[in-house]
Amino acid sequence: MKNIWILAEQDAGEVKAVSYELLTRGLALAEKSGRKLCAMIFGNNISEDGLNELIARGAERVVAVEAPELEHFLVEPYSVCMLDLIKKYEPEIILAAATTTGRTLMPYVAMTADAGLTADCTELDIEDETGLLLQTRPAIGGNIMATIKCPEHRPQMSTIRPKSTPEADRQEGRAGELIRLRAPAEASKSRVYYEGFEPDTEEMNLQDAERVVVVGRGIKTQANIKLARKLADLLGAALGASREVIDRGWLSYPHQIGLSGKTVTPKLYIGIGVSGAIQHLAGMQTSECIIAINKDPDAQIFHVADFGIVGDLFEVLPILIEKLKRGEKIC
Amino acid sequence: MRIAVCIKQVPETKSVKMDPETRTVIRQGVQAIINPLDLYAIEAALQLKEAYDAQITAVSMGPPQAVTALKEAVAMGVDEAVLISDRAFAGSDTWATSYILAEALKQLGEFDLILCGERATDGDTGQVGPEMAAALDLPVVTYVNHINELEDGKLKVSRLVENGTQKLSMQLPGVLTVVKEIGEPRLPTFRGKLKAKEIELPGFDLESLKLDKSLIGLKGSPTRVVKIFRPEVVRNCELMKAETEAQTVEAVDAMLAFIKEESV
Ligand SMILES: Cc1cc2nc3c(=O)[nH]c(=O)nc-3n(C[C@H](O)[C@H](O)[C@H](O)COP(=O)(O)OP(=O)(O)OC[C@H]3O[C@@H](n4cnc5c(N)ncnc54)[C@H](O)[C@@H]3O)c2cc1C
Ligand SMILES: Nc1ncnc2c1ncn2[C@@H]1O[C@H](COP(=O)(O)O)[C@@H](O)[C@H]1O
Chain A
152 MKNIWILAEQ DAGEVKAVSY ELLTRGLALA EKSGRKLCAM IFGNNISEDG LNELIARGAE
212 RVVAVEAPEL EHFLVEPYSV CMLDLIKKYE PEIILAAATT TGRTLMPYVA MTADAGLTAD
272 CTELDIEDET GLLLQTRPAI GGNIMATIKC PEHRPQMSTI RPKSTPEADR QEGRAGELIR
332 LRAPAEASKS RVYYEGFEPD TEEMNLQDAE RVVVVGRGIK TQANIKLARK LADLLGAALG
392 ASREVIDRGW LSYPHQIGLS GKTVTPKLYI GIGVSGAIQH LAGMQTSECI IAINKDPDAQ
452 IFHVADFGIV GDLFEVLPIL IEKLKRGEKI C
Chain B
49 MRIAVCIKQV PETKSVKMDP ETRTVIRQGV QAIINPLDLY AIEAALQLKE AYDAQITAVS
109 MGPPQAVTAL KEAVAMGVDE AVLISDRAFA GSDTWATSYI LAEALKQLGE FDLILCGERA
169 TDGDTGQVGP EMAAALDLPV VTYVNHINEL EDGKLKVSRL VENGTQKLSM QLPGVLTVVK
229 EIGEPRLPTF RGKLKAKEIE LPGFDLESLK LDKSLIGLKG SPTRVVKIFR PEVVRNCELM
289 KAETEAQTVE AVDAMLAFIK EESV
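Sequence lines, in order, name chains A and B.
Going by my numbering, the first sequence opens with residue 152, and the numbers climb by one from there.
Going by my numbering, the second sequence opens with residue 49, and the numbers climb by one from there.
For reference, chain A alone in the conformation it holds in the complex:
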């Protein structure tokens, strides 16, 4: 039986939470198409608890492929493993997260497997008449949504935008099959070598954050950024910025949100002195709740916001910060 597979990700042997978002997607498709949901995961010494967690959250079969050379993501060893599983199990569909891993591995594999691949999908469905996977994704900076399918080539592959769906719940007592495999011999061949990792010194990962505070050019000087940082700290939010701020060197590039930066989908986005240029909106308009503070009542950002304050940020922020400091509860 040709099934629906997700590519679960691990870090240092622990299953990453983004994998559970894929299970949510997979479960919906499995139910609609009457297929089974399976998960594949590549790594070294992957925690048994993590693998069981995948089962508890919906995978009926988990295949873990392990070898020392799979400890860190390297495209060649990982693609050898995925291609091997494609041959063994002939998946109908493979879903991966649109992370730096998924967006590298999936195209590398799709090319070799002669499969169709759709990037960064935000919606998935099964077409009633044909049973084909319908993949919907924003294109052209989020101005257009396109639905894409892959009529003949198999597997049908997609990368899914992280945070575009909640994590699948765990259900005690869910049964599933756990298969542990050694990696095929060719997986030891890589022309890329892992040499180390430097974690971000910055507070938290922008794309994982549930709340982000974003500064725009309205903040006026680099020194003023500390105002926004203070707000972010009080809210437990990550700090992001528009391109204007990055180009002026007030914050480093990993903070940039938008077309040529990161796409974020937090629960709460707060834009401060951000005008809401279309290229910026491309990276944040799918946030669950958007708040904007801008002195220009006609600023574009208000068109996508749920709540807005028209005013001078240098008046608003001190009061806001003061209130939060005094422990005004909002959580």
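Among the hints, erroneous ones may be present.
[Claimed, not checked] Computed cross-link-like contacts, DSSO-like style, restricted to lysine-lysine with a CA-CA straight-line distance of at most 30 Å:
no.: 1; chain 1: A; residue 1: LYS413; chain 2: A; residue 2: LYS167
no.: 2; chain 1: A; residue 1: LYS371; chain 2: A; residue 2: LYS381
no.: 3; chain 1: B; residue 1: LYS289; chain 2: A; residue 2: LYS381
no.: 4; chain 1: B; residue 1: LYS308; chain 2: A; residue 2: LYS167
no.: 5; chain 1: B; residue 1: LYS261; chain 2: A; residue 2: LYS238
no.: 6; chain 1: B; residue 1: LYS289; chain 2: A; residue 2: LYS446
no.: 7; chain 1: A; residue 1: LYS300; chain 2: B; residue 2: LYS267
no.: 8; chain 1: B; residue 1: LYS245; chain 2: B; residue 2: LYS154
no.: 9; chain 1: A; residue 1: LYS167; chain 2: B; residue 2: LYS204
no.: 10; chain 1: B; residue 1: LYS308; chain 2: A; residue 2: LYS446
no.: 11; chain 1: A; residue 1: LYS413; chain 2: B; residue 2: LYS245
no.: 12; chain 1: B; residue 1: LYS215; chain 2: A; residue 2: LYS340
no.: 13; chain 1: A; residue 1: LYS340; chain 2: B; residue 2: LYS202
no.: 14; chain 1: A; residue 1: LYS340; chain 2: A; residue 2: LYS371
no.: 15; chain 1: B; residue 1: LYS267; chain 2: A; residue 2: LYS239
no.: 16; chain 1: B; residue 1: LYS289; chain 2: A; residue 2: LYS371
no.: 17; chain 1: A; residue 1: LYS418; chain 2: B; residue 2: LYS204
no.: 18; chain 1: B; residue 1: LYS243; chain 2: A; residue 2: LYS377
no.: 19; chain 1: B; residue 1: LYS261; chain 2: A; residue 2: LYS413
no.: 20; chain 1: A; residue 1: LYS187; chain 2: B; residue 2: LYS154
no.: 21; chain 1: B; residue 1: LYS97; chain 2: B; residue 2: LYS289
no.: 22; chain 1: B; residue 1: LYS154; chain 2: A; residue 2: LYS340
no.: 23; chain 1: A; residue 1: LYS418; chain 2: B; residue 2: LYS275
no.: 24; chain 1: A; residue 1: LYS153; chain 2: B; residue 2: LYS267
no.: 25; chain 1: A; residue 1: LYS300; chain 2: A; residue 2: LYS153
no.: 26; chain 1: B; residue 1: LYS154; chain 2: B; residue 2: LYS202
no.: 27; chain 1: A; residue 1: LYS183; chain 2: B; residue 2: LYS275
no.: 28; chain 1: A; residue 1: LYS340; chain 2: B; residue 2: LYS204
no.: 29; chain 1: B; residue 1: LYS275; chain 2: B; residue 2: LYS215
no.: 30; chain 1: B; residue 1: LYS267; chain 2: B; residue 2: LYS154
no.: 31; chain 1: A; residue 1: LYS377; chain 2: A; residue 2: LYS413
no.: 32; chain 1: B; residue 1: LYS267; chain 2: A; residue 2: LYS238
no.: 33; chain 1: A; residue 1: LYS340; chain 2: A; residue 2: LYS418
no.: 34; chain 1: B; residue 1: LYS275; chain 2: A; residue 2: LYS300
no.: 35; chain 1: B; residue 1: LYS308; chain 2: A; residue 2: LYS474
no.: 36; chain 1: B; residue 1: LYS215; chain 2: A; residue 2: LYS167
no.: 37; chain 1: B; residue 1: LYS275; chain 2: B; residue 2: LYS204
[Claimed, not checked] Examples of chain B residues lying across from chain A (beta carbon under 8 Å, computed):
no.: 38; residue: ALA181
no.: 39; residue: THR190
no.: 40; residue: THR213
FYI, nobody ran anything at the bench for these hints, they're computed from the structure.
All residues carry an ideal CB built from backbone N, CA and C; glycine is no exception.
Chain A is fixed; fit chain B with the ligands onto it per the hints.
Okay, now just chain B with the ligands, sitting in the frame of chain A:
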């Protein structure tokens, strides 16, 4: 060292239209520019040229107008440029595009390094770099933000990932896709512009590339766009004025209440 830089011409405006028949982007009438993210790939190539004396070839697959993008690359300092163009290529998805580009690169001879942008701002997939690497059976490193040194045929690079920076080295030949941190793209020089004016651009088409017709264009594309629609943004913005201090306090209170209510 021989370096190829793959650049795509994309529509300038954000008001692009789609053809309802073929469901592909209509390019007529919209000003075309080099994909802004590909300028960083060109910059990376030029930096390597300064350090290691490289010969750089810019390559673009697209309609005849893509020559403008290639000439701009020459004006920036790229040594030569090749246009890959044929009506039969229209409608290619990333799979077919990568196949065509890979075949063209093979015909152009051995490259030590192939550079791509992170993604094209129109299609927005970022798939062509890794797909082309697979088609050429080359290693690839994506999201590269620094190219350090070349040592024993290995290029040391760092790669920007979700929670930090990976240090990697890649055996050449190989493919890199680069991000913005690689360096501010330089402007065209006067000499470069002169050269761009005069340069003859060799071209490739279906015939000269001896491509398998079943693998190109719409027919060779595994994916099909079946529907295009405008996303509906249904947001009702509650706007509060904060002109006086009293208003500001009120607005801030309302904002905090809003966050609480939405429990975000
Ligand atoms: C190819 C391309 C890619 C791009 N990619 C990105 C991208 O990834 N991300 C991105 O952000 N941009 C991107 N841009 C740039 C984008 O077009 C805008 O220039 C940018 O987003 C504007 O940043 P901003 O809102 O900070 O600045 P501005 O547009 O200058 O807006 C500043 C805002 O601050 C407000 N303001 C000023 N003073 C105050 C005050 N005291 N109190 C309250 N409000 C105040 C103003 O009313 C204004 O609305 C891209 C552009 C191009 C061409
Ligand atoms: N038609 C093309 N011609 C040359 N290079 C391309 C073309 N399409 C994509 N590329 C390269 O592949 C990268 C990723 O593009 P994409 O996968 O379309 O987002 C771009 O930044 C270019 O470097």
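Hint check results:
no.	hint	result
1	A/LYS413 / A/LYS167	holds (20 Å)
2	A/LYS371 / A/LYS381	holds (16 Å)
3	B/LYS289 / A/LYS381	holds (23 Å)
4	B/LYS308 / A/LYS167	holds (29 Å)
5	B/LYS261 / A/LYS238	holds (26 Å)
6	B/LYS289 / A/LYS446	holds (9 Å)
7	A/LYS300 / B/LYS267	holds (14 Å)
8	B/LYS245 / B/LYS154	holds (27 Å)
9	A/LYS167 / B/LYS204	holds (28 Å)
10	B/LYS308 / A/LYS446	holds (24 Å)
11	A/LYS413 / B/LYS245	violated (37 Å)
12	B/LYS215 / A/LYS340	holds (18 Å)
13	A/LYS340 / B/LYS202	holds (15 Å)
14	A/LYS340 / A/LYS371	violated (51 Å)
15	B/LYS267 / A/LYS239	holds (28 Å)
16	B/LYS289 / A/LYS371	holds (21 Å)
17	A/LYS418 / B/LYS204	violated (38 Å)
18	B/LYS243 / A/LYS377	violated (48 Å)
19	B/LYS261 / A/LYS413	violated (37 Å)
20	A/LYS187 / B/LYS154	violated (42 Å)
21	B/LYS97 / B/LYS289	violated (55 Å)
22	B/LYS154 / A/LYS340	holds (23 Å)
23	A/LYS418 / B/LYS275	holds (28 Å)
24	A/LYS153 / B/LYS267	holds (25 Å)
25	A/LYS300 / A/LYS153	holds (17 Å)
26	B/LYS154 / B/LYS202	holds (21 Å)
27	A/LYS183 / B/LYS275	holds (21 Å)
28	A/LYS340 / B/LYS204	holds (18 Å)
29	B/LYS275 / B/LYS215	violated (41 Å)
30	B/LYS267 / B/LYS154	holds (22 Å)
31	A/LYS377 / A/LYS413	holds (21 Å)
32	B/LYS267 / A/LYS238	holds (25 Å)
33	A/LYS340 / A/LYS418	violated (42 Å)
34	B/LYS275 / A/LYS300	holds (10 Å)
35	B/LYS308 / A/LYS474	holds (14 Å)
36	B/LYS215 / A/LYS167	holds (21 Å)
37	B/LYS275 / B/LYS204	violated (43 Å)
38	ALA181	holds (7 Å)
39	THR190	holds (5 Å)
40	THR213	holds (5 Å)
When the structure is compared with the earlier hints, violations turn up for hints 11, 14, 17, 18, 19, 20, 21, 29, 33, 37 and for no others.
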